[in-house]
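Mind docking these for me? Both chains are given alone in their own frames, and the hints should help you get the complex.
Residues per chain, in single letters:
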Amino acid sequence: MANETQNRLERRSAVHRLLQDRDPNLLIVAGLGSAIWDAETAGETPLNLYLLGAMGCAVSTALGLATAQPEKRVIALVGDAELGMGLYALATVGWRKPENLTIVCLDNGRFGETGGQVSHSGVNLDLAGVATAAGIPTIRRVSDDAGVDELRAIIMDGPGPAFGLVEITADMPPVAMPIRNGTIALARFREALLGHDALKE
Amino acid sequence: MVEATNADWKDQLYNSIKALNITQVVYVPDAGHAKLIDRCLADTEIDCFPLVNEFESVGICVGAWAGGRRSCALMQSSGVGNLVNALGLVHSVGAPFFAIATMRGEWGEFNGWQTPMGQSIPKILDAANIVVNRAETSADVIPVTEASGRLAFNSYLPVFSLISQRATGAKVF
Numbered sequence: 001m002a003n004e005t006q007n008r009l010e011r012r013s014a015v016h017r018l019l020q021d022r023d024p025n026l027l028i029v030a031g032l033g034s035a036i037w038d039a040e041t042a043g044e045t046p047l048n049l050y051l052l053g054a055m056g057c058a059v060s061t062a063l064g065l066a067t068a069q070p071e072k073r074v075i076a077l078v079g080d081a082e083l084g085m086g087l088y089a090l091a092t093v094g095w096r097k098p099e100n101l102t103i104v105c106l107d108n109g110r111f112g113e114t115g116g117q118v119s120h121s122g123v124n125l126d127l128a129g130v131a132t133a134a135g136i137p138t139i140r141r142v143s144d145d146a147g148v149d150e151l152r153a154i155i156m157d158g159p160g161p162a163f164g165l166v167e168i169t170a171d172m173p174p175v176a177m178p179i180r181n182g183t184i185a186l187a188r189f190r191e192a193l194l195g196h197d198a199l200k201e
Numbered sequence: 202m203v204e205a206t207n208a209d210w211k212d213q214l215y216n217s218i219k220a221l222n223i224t225q226v227v228y229v230p231d232a233g234h235a236k237l238i239d240r241c242l243a244d245t246e247i248d249c250f251p252l253v254n255e256f257e258s259v260g261i262c263v264g265a266w267a268g269g270r271r272s273c274a275l276m277q278s279s280g281v282g283n284l285v286n287a288l289g290l291v292h293s294v295g296a297p298f299f300a301i302a303t304m305r306g307e308w309g310e311f312n313g314w315q316t317p318m319g320q321s322i323p324k325i326l327d328a329a330n331i332v333v334n335r336a337e338t339s340a341d342v343i344p345v346t347e348a349s350g351r352l353a354f355n356s357y358l359p360v361f362s363l364i365s366q367r368a369t370g371a372k373v374f
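Order-wise, the sequence lines are chains A and B. Note that the working numbering has the first sequence beginning at 1, numbered continuously upward. Note that the working numbering has the second sequence beginning at 202, numbered continuously upward.
These are computed hints drawn from the structure, not numbers from a lab. Quick caveat, the model's predicted, so the values are computed rather than measured. Among the hints, erroneous ones may be present.
As the list claims (entries may be wrong) - Once the Cα atoms are required to be at most 27 Å apart in a straight line, the calculated DSS-like pairs of lysine-lysine come out as: (1) A:K200 to B:K236; (2) A:K72 to B:K219; (3) B:K236 to B:K219; (4) A:K97 to B:K236; (5) A:K97 to A:K200; (6) A:K72 to A:K97; (7) B:K219 to A:K97.
Same shape as in the complex, but just chain B (with noise of 0.2 Å):
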């Protein structure tokens, strides 16, 4: 590991996804967010269930709202364009999404193919009118998530939390 100082974030996520009345968690895996999933497979109040394509998570959120249901999702940096098209919906029905995404190509990178999407993701979600609220460090991880899932759910807007590559600390094979 580059730099992790501090990984308790990564078992005190589960309580912020308690605390934002979150009972629907979809995910394309990714490391950082191991122990998250296996937390919330292991809730039988939370529908915890993978995903094929991160394209699929912007459907499955806004359904569940209109259903009457909080959810979020999981992904990491490299899948986040794509679901770029998809989130159209989301601002044409004035709907809630919540995502958390794990970076990677960017703080001390071992593998150069990450680092396009790392790279980019923060200008493609600004050029998608998306929010962004990034966790440069592990201290930052659970207020920034937190206050994430509460801006989108409390103003119905679409908001990513980066937890950045400094705060999950960077894979060296």
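Chain A on its own, in the form it takes in the complex (with noise of 0.2 Å):
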């Protein structure tokens, strides 16, 4: 839960030190809004898909991505709201248990791209214990450094599916908007995963 200041992560770091030395097999969807930034700051990369709205779709995204991709990885990076607003998603990730998929969540117990409000996980929703009851095998709760390498290595090489909640500051770093179109963003993605002749379909 994330009502406590101490023993949290600053978000951004956090996301770079998960992103460092990226594997190219690893896909992103990133929730709005900082988790966006975050995995923007981390490199720029057509193999990040962003939902610049839709709030509450990523992880679902995310599943329909690994399900049809299973042999590359892919994460979901949303916050605690985002994942919030399309929960169930989590039981339906329970149900079909896509081994390559890990839901990667920021929380920070906040509305931060609102004003900051307090959010569910910052009062009493255990986002970790919910996926835990939806049947996701794999949970890791992130407060440190080693924490986030051990969830490096478990987006990677499982056993997924995977939930890693990690625990963030209500710190909210400057804005990386990324290619806001989100029919080219699309395009593009699909042309470096697929390769060119995708676009043609």
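Right under this line is the structure:
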């Protein structure tokens, strides 16, 4: 839960550490809002798919991607409120159990983009507990660098599906806006992943 | 049943799914889709699983498309409203989205609780700029659904095939 302020990671450095020496087989779906800026500043790549709207859809999108690309590794990088809005997606991940999917939830217990109002996980919602109850077999609570390193290993090698609850402070690092046009971003993603001919389908 | 003159479409829909090269089917079950769901679950080439809420279907289908796969979402009209907010994803990324929804709350409906969504779904989808093709009778179901799928995947559009309650047969308790 996110109501204590000690023993928490700074979000951007945690995400950068998680994505350091990034494997080319890693695909990321990030949901709004700060998770996108964190991923973008870790290194721009067409293999990051950002949802700048459609709040609550990021885990489901990552699930669809992971099941379509079983040879790749897939992260859903989401804030606690993005995850909360589509919470039932955890139940479907628990049903389908894609081995190559890890949900990384950056939990600051805040609605960060809208003024820092306290969110459900900031009071009593235990998102790792929900993921456990949903049947996701690998669960990690991460609040230090060693935990980040272990989560990176799980992302790449399993066992999945996995859920990492990264406990972060409420700091809001600067916005790093990616390509905002979703049609262009998806086309870039598909071209990089599937090859140019996929755009002719 | 108030009317379901020819329910062969319930078997034939599976062939339509295969003909459209769809390899992932997600569903919130409805009795009208029961045969199709069973056949998809039995097909090892189709990744078929249930959803808690129709909202999930949009992200899953867009994610699958991002990964090079064609998907279809099955649902009942009573749940279509649950995914309206998520449909913004489809418009924003230019991905196809193909759904087959069986209608309730219209043709001789027994349960009045079904009518608020049943009566408003066509208007809601129209307002959300979703293409709606409606199969009014049993004979329409296969051609309308196949045309809807082709439109979705070939033109990168969100398309619903609505199967009317006249075709599914109104449930009588």
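Going through the hints against the structure:
The suggested pairing of K200 of chain A with K236 of chain B is violated, with an alpha-carbon distance near 34 Å, which exceeds 27 Å. Distance hint between K72 of chain A and K219 of chain B is fulfilled; the C-alpha atoms sit about 25 Å from each other, no more than 27 Å. Under the criterion of a C-alpha separation no larger than 27 Å, the hint pairing K236 of chain B with K219 of chain B is consistent with the structure, at around 15 Å. Distance restraint check for K97 of chain A and K236 of chain B: the Cα-Cα separation of roughly 24 Å lies within the 27 Å cut-off, and the hinted pair is therefore satisfied.
With a C-alpha separation of about 31 Å, the suggested pairing of K97 of chain A with K200 of chain A is violated against the 27 Å cut-off. Using a Cα cut-off of 27 Å, the hinted pair K72 of chain A and K97 of chain A holds, with the two alpha carbons roughly 15 Å apart. For the hint pairing K219 of chain B with K97 of chain A, the CA-to-CA distance comes to about 24 Å; that is within 27 Å, so the pair holds.
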